[in-house]
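Given chain A, work out where chain B should sit, using these hints.
Number of protein chains: 2
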Amino acid sequence: MSSPQPRATVTMSDVAKAAQVSLGTVSNVLNHPERVRSEVRERVLATITRLGYVRNSAARTLAAGGSNTVGYVMVDIANSLYTDVARGAEDVTSSSGMYLVAANAGVRGGTPRQAAYIDHFIEDQLQGILLAVFDNDVSGAERIRRAGGRVVLLDVATDVDVDACTVRIDYELSGYLAAEHLLRQGRRRLAFVGGLREIHAVARRLAGAERAVAEHGGASIEFLPSGDLQAEDGRAIAHRIASRSRAEAPDGIVAAADLVATGLMQALLPEGFRFPQDIALIACDDNQSGRDNAVPLSTIDLPGYAVGQAGMNLLLDEIRNPEHVHRRVVLAPGLSARESSVGRERVGRER
Amino acid sequence: MSSPQPRATVTMSDVAKAAQVSLGTVSNVLNHPERVRSEVRERVLATITRLGYVRNSAARTLAAGGSNTVGYVMVDIANSLYTDVARGAEDVTSSSGMYLVAANAGVRGGTPRQAAYIDHFIEDQLQGILLAVFDNDVSGAERIRRAGGRVVLLDVATDVDVDACTVRIDYELSGYLAAEHLLRQGRRRLAFVGGLREIHAVARRLAGAERAVAEHGGASIEFLPSGDLQAEDGRAIAHRIASRSRAEAPDGIVAAADLVATGLMQALLPEGFRFPQDIALIACDDNQSGRDNAVPLSTIDLPGYAVGQAGMNLLLDEIRNPEHVHRRVVLAPGLSARESSVGRERVGRER
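Protein chains in written order, with numbering that gives the first Met the number 0: chain A, 0 to 350; chain B, 0 to 350.
This is chain A alone, in the form it adopts within the complex (with noise of 0.2 Å):
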């Protein structure tokens, strides 16, 4: 395996940071100049000659010798949406005469070794490389970016500010439409479960959530904060939930994760709260646990094969089409009605 050395380029961010505006204004000058001011768009333009930019080129040219694999660098192999992103990307590249390899940096292995991956795959000259991000943190994209490589980032919790295709799960929405369908059953004292404000992906559902109980008239919400979220970090809640009077308990929880819901259900089915009679519950992240579960779990389902797919749609074309234009991609969650919210009656799939 040859190990040339990567070649440092002149990216899109470069030229933002030097002329101090976003990457957008950068896009904009070269795509769509008549949005620009024209003394913003003489700055970017001579900064654009002053670092020599130049637009995607030198990235083409490294990878064009390359090979005919790609790469695909995971968070967590243990959790079932990043192997459901494997599955639909895996599922592009086959029916493409491509490959692809995963590697996983993990929930221990972070960042750093998330930066090993990629070093090892732009050594390799893989033509391009998807890369799930962690929590919303970009600079692994822009090492990418900077050895010439080509990336799209997966599972951006927001619209972030990166010379790169990004795949993004409307997280906001999957909140949103948790928290509407308790609303619908008649429930009025939601609690949203589990998780930290600081958590972009949880942020964003907890704000969904609020949104839906700021539209309904005479419905409250209430966060139960958690520092992880596993099935123990629901079981703590769900006891003091059970210390409470019953007319102070809430009568609809939103999960932040499916582990929280499966912990809240152990802890409160032997206390006596029946789902849904005294508590509607769904979870916010469809895992293959939600589904397996005796009493089925309502969830929020995460397009994870949808976002593999796309994902490596969106890098295919980056690699294949000289005119390719980096885009922002947002995939809407969907609801799935289990027993846990609905009862046994009622069970079905919403859109």
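Keep in mind the hints are simulated off the structure, nothing from the lab.
Take the hints with a grain of salt, since some may be wrong.
What the hints assert, rightly or not - Stretch-level coverage of chain A by chain B, calculated; a stretch enters the list once three of its residues show a Cβ under 8 Å from a Cβ in chain B:
no.	segment
1	80-92
2	96-108
To be verified - So these bits of chain A aren't anywhere near chain B, every CB distance computed over 10 Å:
no.	residue
3	K16
4	V20
5	E141
6	T157
7	D160
8	H238
9	V341
We treat Cβ as the ideally placed atom computed from N, Cα and C, and that holds for glycine.
Quick look at chain B alone, frame taken from chain A:
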């Protein structure tokens, strides 16, 4: 990425075939000649000379100039056994300064897709490959050996005659431990539910369960097969069980897989069956969904993480140790007793 032609080498398998003996006999001729009858020994040695077999050296030469990367070809990234293996393997490689890249053949891709990834990894001159087998099919390993590559076979269901290290989970013991656990709870009318005898891993589990029952006077076990191992297969068999009189229904069930067990629970709970009062239930492979169930499921734990660790350690030994000898590693499963078989009181872990 360079693409040299894989070099065809003579393997131990070729010698065994040409001399019409087993691989074990060839190995004995090389390692323990005193164990082999002189007539056979001479035939094998003559074949080795005729074919030009050079023990392991061709493979070493090919790989020696290669990368610091090893590969892992999964059967199905949606099955947590294979992602547990990935985590175990990754922890060994990352602490050894190596990189692990993974590829997913997939259940639909099957052995053709597996072969495509094998060829791709060989062209990339990876140092070696961890190969998870499809139902005891060792053709992939032979493909790698023919090309002069190193391979460790993971999750063979029985000892196989192949010129490579193997890591096997003792599935017979899985079935034995599961049935013996139910017998110890006083259950006497057992059923083994799900799968087909044609699947090696299912046949081994069933054989183990039957052995436990045979050792135990006054107990019986019936086999209720299903074409697949999904929750819907469990639900279909549950309807057959519910249509019997209670005296003829099993009082203990070993489910071939955890999804089958979940399907059984989903369909039998509404029919008034209680777990474990009416039926003590245990599943033969521990996936995440079993642990997170609202009625936690007793399981036999598959040591996927340990399989990955052991496999990678064997592969690194083959890469680094000139005295490497192929080994057969057999890992024992564990038993996690949870509510579905022992009720709320006596939940714990046995080994």
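- Non-interface claim for A/H238, where every Cβ of chain B lies beyond 10 Å: 16 Å, holds
- Message: Over 10 Å from every CB of chain B: does A/D160 meet that, or does the non-interface label fail?
- Response: 30 Å, holds
- Test the statement that A/K16 is away from the interface with chain B: the closest C-beta pair must be farther apart than 10 Å. 32 Å, holds
- Could you let me know if the closest chain B CB is still more than 10 Å away from the CB of A/V341? 16 Å, holds
- When you look at the beta carbon of A/V20, is every beta carbon of chain B farther off than 10 Å? 37 Å, holds
- Please confirm whether A/T157 is truly not at the interface, meaning its C-beta sits more than 10 Å away from all C-beta atoms of chain B. 28 Å, holds
- Task: State whether the coverage of the segment 96-108 of chain A by chain B holds or is violated, taking the criterion as 3 or more residues with Cβ-Cβ distances under 8 Å.
- Result: holds (count 8)
- Message: So A/E141 supposedly isn't at the interface. Is its beta-carbon more than 10 Å from every beta-carbon in chain B?
- Response: Given that every Cβ of chain B is farther than 10 Å from that of A/E141, nearest at about 21 Å, it holds.
- Message: Can you confirm whether chain B covers the segment 80-92 of chain A, using C-beta to C-beta distances below 8 Å and requiring at least three such residues?
- Response: holds (count 5)
Of the numbered hints listed earlier, not one is contradicted by the structure.
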